[in-house]
Amino acid sequence: MLMKFGVIQFPGSNCDQDCYHAVADVFCQPVRYIWHKDKTLGDVDCVIVPGGFSYGDYLRTGAIARFSPAMKAVAAHAKTGGLVIGICNGFQILCEAHLLPGALIRNRGLKFICDHVYVRVETTDSPFTNACRRGQILRIPIAHGEGSYFAEPNVIEQLKREDRILVRYCDKNGNVTDAANPNGSLENIAGICNEARNVFGLMPHPERASEKLLDSEDGRLIFESILATAAFR
Amino acid sequence: MKTDIAIEPGVIAKHGITPEEYGRIKKLIGREPNITELGVFSVMWSEHCSYKNSRPELKKFPREAPFILVKAGEENAGVVDVGDGWAIAFKIESHNHPSAVEPFQGAATGVGGIIRDIFTMGARPLLGFNSLRFGPIEESEATDKDTCATNRRLFAGVVAGIAHYGNCIGIPTVGGEVYFDESYNGNPLVNALCLGILRHTQIKRGCAKGTGNPVIYVGSATGRDGLAGAAFASRELTKESQEDRPAVQVGDPFMEKLLLEACLEVMRKDGLVVGIQDMGAAGLTCSTCETASRGGTGNEIDLDLVPKRETGMTPYEIMLSESQERMLLIAQKGREKEVEAIFKKWDLHGVTIGRVTNDGMMRVKVGREVAVEIPARQLAEDAPIYHREVKQPDWEIRNSKFAIRAVPEPKDYAEVLVKLLGSPTIASKNWVYRQYDHMVQHGCAVVPGSDAAVVRINLSRPDLGVPGAKGEKYIAFTTDCNGTYCYLDPFEGGKIAVAEAARNLICSGARPLAVTDCLNFGNPMKPEIFWQFRRCVEGLAEGCRTFGTPVTGGNVSFYNESPAGAVDPTPTVGMLGLIDDPRHITTQWFKTVEDGSSGDVVLLLGEICERTPSLGLGGSEYLKRIHELKTGTPPRMDLAYAKRVHDACLDFIRRGWVKSAHDCSEGGLAAALAECCMSNGNAMVGAEINLSQFTGRLDAVLFGETQSRIVLSCAPQHAEGILRSGLLVTRLGTTGGTSLKINTSRGMFAWDVALLRDVWWNAIGRLMD
Chain A
1 MLMKFGVIQF PGSNCDQDCY HAVADVFCQP VRYIWHKDKT LGDVDCVIVP
51 GGFSYGDYLR TGAIARFSPA MKAVAAHAKT GGLVIGICNG FQILCEAHLL
101 PGALIRNRGL KFICDHVYVR VETTDSPFTN ACRRGQILRI PIAHGEGSYF
151 AEPNVIEQLK REDRILVRYC DKNGNVTDAA NPNGSLENIA GICNEARNVF
201 GLMPHPERAS EKLLDSEDGR LIFESILATA AFR
Chain B
1 MKTDIAIEPG VIAKHGITPE EYGRIKKLIG REPNITELGV FSVMWSEHCS
51 YKNSRPELKK FPREAPFILV KAGEENAGVV DVGDGWAIAF KIESHNHPSA
101 VEPFQGAATG VGGIIRDIFT MGARPLLGFN SLRFGPIEES EATDKDTCAT
151 NRRLFAGVVA GIAHYGNCIG IPTVGGEVYF DESYNGNPLV NALCLGILRH
201 TQIKRGCAKG TGNPVIYVGS ATGRDGLAGA AFASRELTKE SQEDRPAVQV
251 GDPFMEKLLL EACLEVMRKD GLVVGIQDMG AAGLTCSTCE TASRGGTGNE
301 IDLDLVPKRE TGMTPYEIML SESQERMLLI AQKGREKEVE AIFKKWDLHG
351 VTIGRVTNDG MMRVKVGREV AVEIPARQLA EDAPIYHREV KQPDWEIRNS
401 KFAIRAVPEP KDYAEVLVKL LGSPTIASKN WVYRQYDHMV QHGCAVVPGS
451 DAAVVRINLS RPDLGVPGAK GEKYIAFTTD CNGTYCYLDP FEGGKIAVAE
501 AARNLICSGA RPLAVTDCLN FGNPMKPEIF WQFRRCVEGL AEGCRTFGTP
551 VTGGNVSFYN ESPAGAVDPT PTVGMLGLID DPRHITTQWF KTVEDGSSGD
601 VVLLLGEICE RTPSLGLGGS EYLKRIHELK TGTPPRMDLA YAKRVHDACL
651 DFIRRGWVKS AHDCSEGGLA AALAECCMSN GNAMVGAEIN LSQFTGRLDA
701 VLFGETQSRI VLSCAPQHAE GILRSGLLVT RLGTTGGTSL KINTSRGMFA
751 WDVALLRDVW WNAIGRLMD
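From first to last, the protein sequence lines are chains A and B.
Going letter by letter, the first sequence gives residues 1 to 233 in the numbering used here.
Going letter by letter, the second sequence gives residues 1 to 769 in the numbering used here.
Please note: incorrect hints may appear among the correct ones.
Examples of chain B residues lying across from chain A (beta carbon under 7 Å, computed) [as the list claims (entries may be wrong)]:
id, residue
1, Ala163
2, Cys168
3, Gly170
4, Lys257
5, Leu258
6, Gln435
7, Asp437
8, His438
9, Met439
10, His442
11, Ala445
12, Arg456
13, Arg461
14, Asp463
15, Phe694
16, His718
If you're looking for bench data, these hints aren't it; they were derived computationally from the structure.
Quick caveat: nothing in here was measured; it's all calculated off a predicted structure.
Glycine included, each C-beta is placed from N, C-alpha and C at the ideal position.
Work out the full structure: start from the sequences and follow the hints.
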């Protein structure tokens, strides 16, 4: 069964091509771009809010993008249960748009980091991780300057209680340690979902880890989970 | 600034124009120029824009080949054919002076400028590269604390600036090189490169054709920033250079991202764009007169229509401003609305500021008043050409008399390797490249840290603007230059820069195709400096001829001098290679083998140690780091032999025999072997090496930098084929275990690979953080 994907394009998006490529060429699913000025999403099943520097990120990451017409449509799509995945800048935008709680702040080392990291799948109870094993270790790249996840203690407690932390930074062997935390995220959080579990934001780039040529295929599992969700509907 | 400044000798001199050049200007326009015109001539006839000192030498480069689509000097960047109707545009450019004064913005705008040069050609930028040189970041007797702190500040600022611009605009910075040497104290080198892909039919030219066609300005508004940066870059750096800070521009990568997307979209509308040029050095001046000159036309613009950031700007300031992220395009008459609609989509504002004329004049008006009227072709093309004096420097002769006999062999060889791997020049550059997004655009097939970057180009990407295109192309890229070699012997150094670049591509499984170069030197008025320049160019030219890699363009940067003297001559070579089959992609690190099977065989292609009095140790990192000597005769480069080694290596790779290939360079064979063992942090592999049959000086065997050597590893069944190839090949040992063991005429040395990696991987981070 095919799933229709839409990739939002903000001015300054730069991982839009990568997401498009992964969906179209690696997973052979229909995909189209959604321009930030578009007020509707059409018939897409899953929206990808891609990485990049929307509006230059000069004010605060994602702060301007949230006001775009397309993001209003994304919020409406999410409200009706449609799938939304925000990657990197997309995660930052989803937080700014209050589709996800918390915020992404400056990396603790104050530098941009581009590297392969390991994340541990904390729960398979989501449309984005159901093809993984619980505790499975994925090798996926990150590339961000502001990826340190922050939220108030009660929010963190709620995320834990409701099993909404989908992936955590870990070492090669799956240990969630401070040394394995690249950016100072609270609780080593790499990705979370909303209460209804249909909106997922993560800093690592699964689209960059979907082909053997690019050194890791572990990101495929995220896309395969999404496709498996479609099959069950 | 007042507009009615009298043109006195002092004013002329301040513009860097000699009395003879002033005479030439008067003859050309038939009268005295006004101050704006004088400013226009000063930037167009600066070394940066006119190559007035370097042009006769640059003619020595091979520049022709059947696969060259746009030749060196013709346009903003060279373009080469890569098959199936596809082409690649690439170019390197320096931003040394701005980076010395303001490292972050200087480097950032260097990246922005070179990216514009590439998309101006109609190409989609695919990758960035940078070649950097700084003074030492580690205190020593030769480098005091303050100098070191300054160098670290410059290094950190430059890297952050490159990261800021490249990451935001979304063009992966996939590789580069960083060297540290005293000669770069106070005058760092920042050479930025960009490469893009396009169809042959998508090539655009910076050419104003068709009388009456509109001249459209798009991008950032013009401000007073970067006033006369081209002239600034054509002077030596002094203490007072800090006061030139307003000559450094400020970059806005987001604006450039919009410009990039909008310009590519406009260019891909059939026949809409007649010509396009970025406003880089010398801004509006350069883009107007060069497009008219190439088109054999003139143009007339009105400065009242130019979008301005500040009020009260004089014509002089507007014409000489180097505000970033601006483009000038010439569209087809009557289709202005189509251009406007595309720019509007990207929230940009395209403004028609003038028209193409047929009288050959570059005419700049302010309302109805004429501010500048100069024949465009003469302004762009008829800068004076100088044939500078040359003199071989005394230091070259002095250094060539150095005898290696005078240097004692080290007592502790094991310690020497550790020290070399911890040398910032040899150490891993992960502190740098982890700050660059090197993976965006889904093409990074070999991450930074191997001999060359390898990038997959997905031809079906919608943003290439070729509906229905299928398939992939694979390219490799590298930049190389050892300035110390060039300082000691500029001709050999030039040859080595080209040969090393070619060797790095070969080791990655690519066949070298073409070159762009960035020639960084001191003041060309000094005969010793011009000697270095000439000899380096001749060395580069000879190398390029041997490897069949013509020069497609680049940049000359003179006046790289601080009060302490000139930088080492640094002719950086950027080389493009093609990989015919992705199965040929090869990395430098040894591969793990399955438990129970025997290790791979380690082989050395080429001579173990050159048979010259300096044994490959002259100018080596070993002499510098261990003996604090920067002297001797650098390693010899026999180009014909190098070509044979390269061809053989590529042949072995194509036969599927090679598991890893690594070029031997700084730090010699021992450093190369250590790198083979440790550079893949996820799968380090040890090795047992036997060099006991070599009985000469052991430091020359281990750390000498004899050229044209490649360390290979292969499965045991393929070793025979390589050993019997007719080339000089030595069986060094086998891979396996967790330590690097080298058996020598002085006994066995062993290093734990994980410990070596810690030193090598963290050396720069420990100095910087």
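**Q.** Interface hint status, Phe694 of chain B versus chain A (Cβ within 7 Å)
**A.** 37 Å, violated
Q) Going by Cβ atoms only, is Ala445 of chain B closer than 7 Å to chain A? A) Since the shortest Cβ distance to chain A is 5 Å, the answer is holds.
Q: Have a go at the His718 of chain B hint: is there a Cβ in chain A nearer than 7 Å to its own Cβ?
A: Where the cut-off is 7 Å and the nearest Cβ of chain A is about 23 Å from His718 of chain B, the hint is violated.
**Q.** Residue hint Leu258 of chain B, partner chain A, criterion CB-CB below 7 Å
**A.** With a closest approach of 6 Å, the Leu258 of chain B hint holds.
Q.
Is the interface hint satisfied for Ala163 of chain B? The criterion is a beta-carbon contact with chain A at less than 7 Å.
A. 5 Å, holds
Q) With a cut-off of 7 Å, does the beta carbon of Gly170 of chain B approach a beta carbon of chain A closely enough for the hint to hold? A) 2 Å, holds
Q) Any CB of chain A closer than 7 Å to the CB of Asp437 of chain B? A) Hint holds; Asp437 of chain B Cβ to chain A Cβ min 4 Å, cut 7 Å.
Q: Would you check whether Gln435 of chain B satisfies its interface hint, that is, whether its CB is within less than 7 Å of any CB in chain A?
A: It holds, given that the least Cβ distance between Gln435 of chain B and chain A is near 5 Å, below 7 Å.
**Q.** chain A contact restraint on His438 of chain B - CB to CB distance below 7 Å
**A.** Constraint on His438 of chain B satisfied, holds at 6 Å.
Q.
So, as I understand it, the hint says Arg461 of chain B touches chain A; can you test that by seeing if any CB pair is closer than 7 Å?
A. 6 Å, holds
(Q) Given Cys168 of chain B as an interface hint, is its Cβ closer than 7 Å to any Cβ of chain A? (A) 4 Å, holds
Q) Taking the closest Cβ pair, is Lys257 of chain B under 7 Å from chain A? A) Hint holds; Lys257 of chain B Cβ to chain A Cβ min 6 Å, cut 7 Å.
Violated hints for the displayed structure, listed by number in ascending order: 15, 16.
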